[in-house]
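Line by line, the protein sequences give chains A and B. Just so you know, we're using numbering that gives the first Met the number 0 here: the first sequence kicks off at 0 and counts up by one. Just so you know, we're using numbering that gives the first Met the number 0 here: the second sequence kicks off at 0 and counts up by one.
It is worth saying that the hints were derived from the structure and are not from the lab. Errors might be hidden in some of the hints.
What the hints assert, rightly or not - Calculated lysine-lysine pairs in the DSS-like style (CA-CA distance at most 25 Å, straight line):
id: 1; chain 1: B; residue 1: K443; chain 2: A; residue 2: K443
id: 2; chain 1: A; residue 1: K442; chain 2: B; residue 2: K442
id: 3; chain 1: B; residue 1: K293; chain 2: B; residue 2: K333
Unchecked claim - A few chain A residues that don't get close to chain B, going by computed Cβ distances all over 12 Å:
id: 4; residue: G14
id: 5; residue: S29
id: 6; residue: L96
id: 7; residue: E101
id: 8; residue: E146
id: 9; residue: G147
id: 10; residue: G165
id: 11; residue: E199
id: 12; residue: K211
id: 13; residue: E217
id: 14; residue: E230
id: 15; residue: A320
id: 16; residue: R386
id: 17; residue: P447
Note that the coordinates shown come from a computational prediction; the quantities given were computed from them, not determined experimentally. Beta carbons are placed, not taken as given, at the ideal position from N, Cα and C, and that holds for glycine.
Listed here are the chains, written in short residue letters.
Protein chains: 2
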Amino acid sequence: MLKQDVRDQLTAIVGEENLLDSQQDLIAYSYDSTPDFQELPDAVIKPRHTEDVSAIMKVLNEEKLPLVPRGNATNLCAGTTPLEGGVVMIFNHMNKLLEIDEENLTATVQPGLITQDLITEVETRGLFYAPDPSSMKISTIGGNINEGSGGLRGLKYGVTRDYVMGLEFVMPNGDIVRTGGKLAKDVAGYDLTRLMIGSEGTLGVLTEATMKLIPKPETKKTMLALYHNLESAGDTVSTIIANKIIPATLEFLDQPTIRVVEDFAQIGLPTDVGAILLIEQDGPPEVVDRDMVKMKEICEQTGAMSADIAATPEEGAALTAARRSALSALARMKPTTILEDATVPRSKVAEMVRAIEEIAEKNNVEICTFGHAGDGNLHPTCMTDARDREEMKRVEQAFEDIFAKAIELGGTITGEHGVGAMKSPYLSWKVGDTGVNVMREIKKAFDPNNIMNPGKMFAKDEKFRVVVEK
Amino acid sequence: MLKQDVRDQLTAIVGEENLLDSQQDLIAYSYDSTPDFQELPDAVIKPRHTEDVSAIMKVLNEEKLPLVPRGNATNLCAGTTPLEGGVVMIFNHMNKLLEIDEENLTATVQPGLITQDLITEVETRGLFYAPDPSSMKISTIGGNINEGSGGLRGLKYGVTRDYVMGLEFVMPNGDIVRTGGKLAKDVAGYDLTRLMIGSEGTLGVLTEATMKLIPKPETKKTMLALYHNLESAGDTVSTIIANKIIPATLEFLDQPTIRVVEDFAQIGLPTDVGAILLIEQDGPPEVVDRDMVKMKEICEQTGAMSADIAATPEEGAALTAARRSALSALARMKPTTILEDATVPRSKVAEMVRAIEEIAEKNNVEICTFGHAGDGNLHPTCMTDARDREEMKRVEQAFEDIFAKAIELGGTITGEHGVGAMKSPYLSWKVGDTGVNVMREIKKAFDPNNIMNPGKMFAKDEKFRVVVEK
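Here chain A stands alone, though its shape is the one from the complex:
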């Protein structure tokens, strides 16, 4: 609970109606989409504009009270749970699409804007915002930027990082900083824009962003390729790239995932195949047609049982929607679903998926794998029950083995979900102790009192990805 004088200072800034601290509010903001992490905040605050954020930060910095900025908390790394209490900041009032500039191809947005709303709006103008995290229907742009979100179209179009041209953010001491702008080129000083992207709310509070737009692709086609085994699917991926084709999406589902997705989405996916690739190409019609024909040939040459181009856009959209439903479908199976995003170089995808199968078997846990084969970003997903602490220890061990294997193959512990509290023990596996040291120094430079989202990114003690005992 906040001290009364702190509470008074905060309500003087935002008004009584924008500070929530009833028990039910605190519980509602005590967790995010990540299983097994929960802690009550002291209050939840809703700033109305940047000046509110600045004034709030001055109070919290003075009081050394934690601040956890939170979009819609769809992150899967315990990035927005208020593990050390303090104040959760939500952006219900700062959720506007402020401007679409068709001449400079930019959209200026507030952090609380829903990703899908941005995508939908710009498409009505013939423009395109490419980053499409699976949670885009409810995730916010501010959350996407803080986590450095990816998506299905990452291979061809890049990720959130590649679409942020400028930011406004508030430092822990209340200072307001503006970076970049409607500028395709800007090298004035260190790249604070990209330092903020993926910083998981540990450096400052985003209050505005200028996003890059591109022309909307004229058309899109979708193909479904079925495989007896995942090595053939891996061959297809490599051969497509070797043929200098970069498809818009190149998604992989293993057999267990296919079964669960079909059971959920009911769109007629064959449940007896070893693996599926979902391939999309977009762009000018001539090029899409040419690429699809060539990719169909490649699928067949590399051992696909079949490779069928969707007859209509609706059929294609249904296939993509089924893929996007994978997490929801898997989440129905068991009380607890833990989805990871170990990522490897594209050439190592098949080897990594095989290794995941072996690791699951060794640890006697159930893991389905799907993900973005084109960029090596896999989502091994464990269906378990957090109440079964014995099984959770095995789950923990399995993910530790998966991270170790990803690193061994030249990969990383997280491709698009972030480190958060969940993977902080493993950060040094990827960036080394020297890398972690540098990051800690950067954190101190921004936030000497460590009030910004404490407990995230940097490990406190032992290596436990899943909190086995609290």
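Dock chain B against chain A, hints included.
Okay, now just chain B, sitting in the frame of chain A:
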């Protein structure tokens, strides 16, 4: 001059043959491509590998001696002049293209590799390295990364920043850090990769980089459009973008530049027109043809006197080569050539060019302007004589006015050249005092002894872009 014991320590690391400190060597490395900045280093060192760099940094950090990493010094911001003495590090021994990975579409390189050599080599494999700074025939990849270099293809393909997937660098204390990898997605911790890009050698020493490659565009066409006045050229740029076409290059030359370039390149440019746009499109032949026809129509509709598509690739290449020769051509005119890169949002290009004309007239100096119209990145270039200190003061005032105007229009003081010593007094104009403070704290976090390229990026005292009196 180095103290004998320091010299002994350094030669023990690299060998006597890799430490240069004759007077002629020191003079050769006392300046870069930027006029009017010069200072002798104490020595020049040639590491053979990363371990050498690490060992050297430990010695220099202990001695608090400056280290200036230097590619081929084509930067135009006094980014590599050893203004506070110390040791200049050059990468003659670390200039290899280590690997091209066709499956993961990456090239792994050492910092001393010449940009053009990378481009040429990957193109023989049907791949493409898009960033093409005008100096690419002699610039190094390490220099490009340190300066965050752009180029003519920035509008469509992005800049150096967008092609760096992973780095190895040595901290001032000798620690070796590796970031990223052959990974399309990686959000493990703060984005050290992009923090290093454009950091101008002030944070650490790059020793290896993994660069992203893309498939080589199948074909390319070039068009030259002539205008009575630059506002019409600006209209063409806006209308092309409004028609959802993103050309590969969209270059602008004003009348004075055209005259000088034609005098130099002799390719038959008309010298009596008000402005020229050089437009290129690349990609699949069907799309290139369609886009070129449409862009020709747009040029004509928006007031071009003529818009002619080059009949042959050779003719197109000659036009592009002429544009690339602009700096060389201008440099012949007067003893001193000062080229800037004030950048504005694309929609403000014509307004900015007009303002530059007025500023030149007001200050009675001669300024030609050319640049990347598609991304608002202009190169106002002043032909002067550094020995005429009275004129240099007016030049100084003119550039100050240009920076102020760029900022007023939502632009930046540097689009692709860097801040260096030259523009450090103006950094706060772009990022604010709070932005500069944050950057200074980051610098301290990496380099507490301030040995990495001191005197760059951060202003020491007064606002003088050109050193008027030493």
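How the hints compare with the structure:
1. Under the criterion of a C-alpha separation no larger than 25 Å, the hint pairing K443/B with K443/A is consistent with the structure, at around 11 Å.
2. The suggested pairing of K442/A with K442/B holds, with an alpha-carbon distance near 13 Å, which does not exceed 25 Å.
3. Proximity of K293/B to K333/B is assessed by CA-CA distance (about 41 Å); at most 25 Å being required, the pair is judged violated.
4. At roughly 27 Å, the least C-beta separation between G14/A and chain B is larger than 12 Å, which holds for a residue marked as non-interface.
5. With a least beta-carbon separation of about 24 Å from chain B, S29/A lies farther than 12 Å from that chain, consistent with its non-interface assignment.
6. Under the 12 Å C-beta cut-off, the non-interface status given to L96/A relative to chain B holds; the minimum distance is some 19 Å.
7. Chain B draws E101/A into its interface by the beta-carbon criterion, the shortest separation being 6 Å against a cut-off of 12 Å.
8. At roughly 7 Å, the least C-beta separation between E146/A and chain B is not larger than 12 Å, which violates its mark as non-interface.
9. Separation of G147/A from chain B is inadequate, the least Cβ-Cβ distance of about 4 Å not exceeding the 12 Å criterion.
10. Separation of G165/A from chain B is inadequate, the least Cβ-Cβ distance of about 9 Å not exceeding the 12 Å criterion.
11. A beta-carbon of chain B comes within 12 Å of the beta-carbon of E199/A; the shortest separation is about 9 Å.
12. Interface exclusion of K211/A from chain B breaks down, the closest Cβ pair being 10 Å apart, not more than 12 Å.
13. A Cβ of chain B approaches the Cβ of E217/A within 12 Å, the least distance being about 9 Å, so the stated non-interface status is violated.
14. Every beta carbon of chain B lies more than 12 Å from that of E230/A, the smallest distance being close to 15 Å; the non-interface claim holds.
15. Chain B leaves A320/A outside its interface by the beta-carbon criterion, the shortest separation being 22 Å against a cut-off of 12 Å.
16. The beta carbon of R386/A sits about 30 Å from the closest Cβ of chain B, which is more than 12 Å, so the claim that it is off the interface holds.
17. Not every beta carbon of chain B lies more than 12 Å from that of P447/A, the smallest distance being close to 9 Å; the non-interface claim is violated.
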